[in-house]
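Between the sequences and the hints, there should be enough to build the whole structure, so can you do that?
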Amino acid sequence: MIETPRLLLRPPEPRDFDALHAMWSDPEVMRDLGPVKSTAHSRATIARHLGYGPSHGLGFNVVERREDGAVLGFCGLKPGAPDTPIAGELEIGWMFARPFWGQGYAREAAAASLDWAWVHRSDPRVVAITSACNLASRALMERLGMRWFTDFEHPVHPPGHRLRPTVAFAINRP
Numbered sequence: 021m022i023e024t025p026r027l028l029l030r031p032p033e034p035r036d037f038d039a040l041h042a043m044w045s046d047p048e049v050m051r052d053l054g055p056v057k058s059t060a061h062s063r064a065t066i067a068r069h070l071g072y073g074p075s076h077g078l079g080f081n082v083v084e085r086r087e088d089g090a091v092l093g094f095c096g097l098k099p100g101a102p103d104t105p106i107a108g109e110l111e112i113g114w115m116f117a118r119p120f121w122g123q124g125y126a127r128e129a130a131a132a133s134l135d136w137a138w139v140h141r142s143d144p145r146v147v148a149i150t151s152a153c154n155l156a157s158r159a160l161m162e163r164l165g166m167r168w169f170t171d172f173e174h175p176v177h178p179p180g181h182r183l184r185p186t187v188a189f190a191i192n193r194p
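The opening position of the sequence shown corresponds to residue 21 in my numbering, with each subsequent residue numbered one higher.
Everything hinted at is true.
Label pairs and their in silico Cβ distance ranges: (1) Gln123 with Phe169: 25 to 31 Å; (2) Pro47 with Gly122: 17 to 23 Å; (3) Phe37 with Pro175: 24 to 30 Å; (4) Asp171 with Arg51: 16 to 22 Å; (5) Pro179 with Gly89: 42 to 48 Å; (6) Gly89 with Pro144: 35 to 41 Å; (7) Glu173 with Asp88: 38 to 44 Å; (8) Arg118 with Ala60: 18 to 24 Å; (9) Arg118 with Gly89: 16 to 22 Å.
Source of the hints: derived by calculation from the structure; they are not laboratory data. Ideal placement from N, C-alpha and C gives every residue a C-beta, glycine not left out.
Put into structure tokens, the structure is as follows:
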């Protein structure tokens, strides 16, 4: 578990499913990230991230607001996707439900995840990717001190898809 003044970052539990699925099935949240998720796809996403724990000591966490236990989003670290320029590197990512945008929660959770990485991992850098059109995530990467290092065509999206052009950012170990 990772704690900040306002947040708890913890592994997902069954009680979190409805809030996470609501976020992943919201077309506005998913606009620059990928297709909305079905119930089955949401369950598979949670299972995949829980699976990074035993194999890598990683995984995205539920971001819970300390004051009331509200599930705000999903943030954490995972192995970089195969067939991308970040394959095998330590990747950070985040996603937050619409009611919690613009309140500094994503930055707080991502910064805490980076701090955790520097203490618990030996990776020389942490990377992040997003669709080139995802200006909000790109801005957060820059606010975290990450810098652009390459553009690529993400193979998960078909040629010509608006989300296929992808950017990669990195931050070196302090």
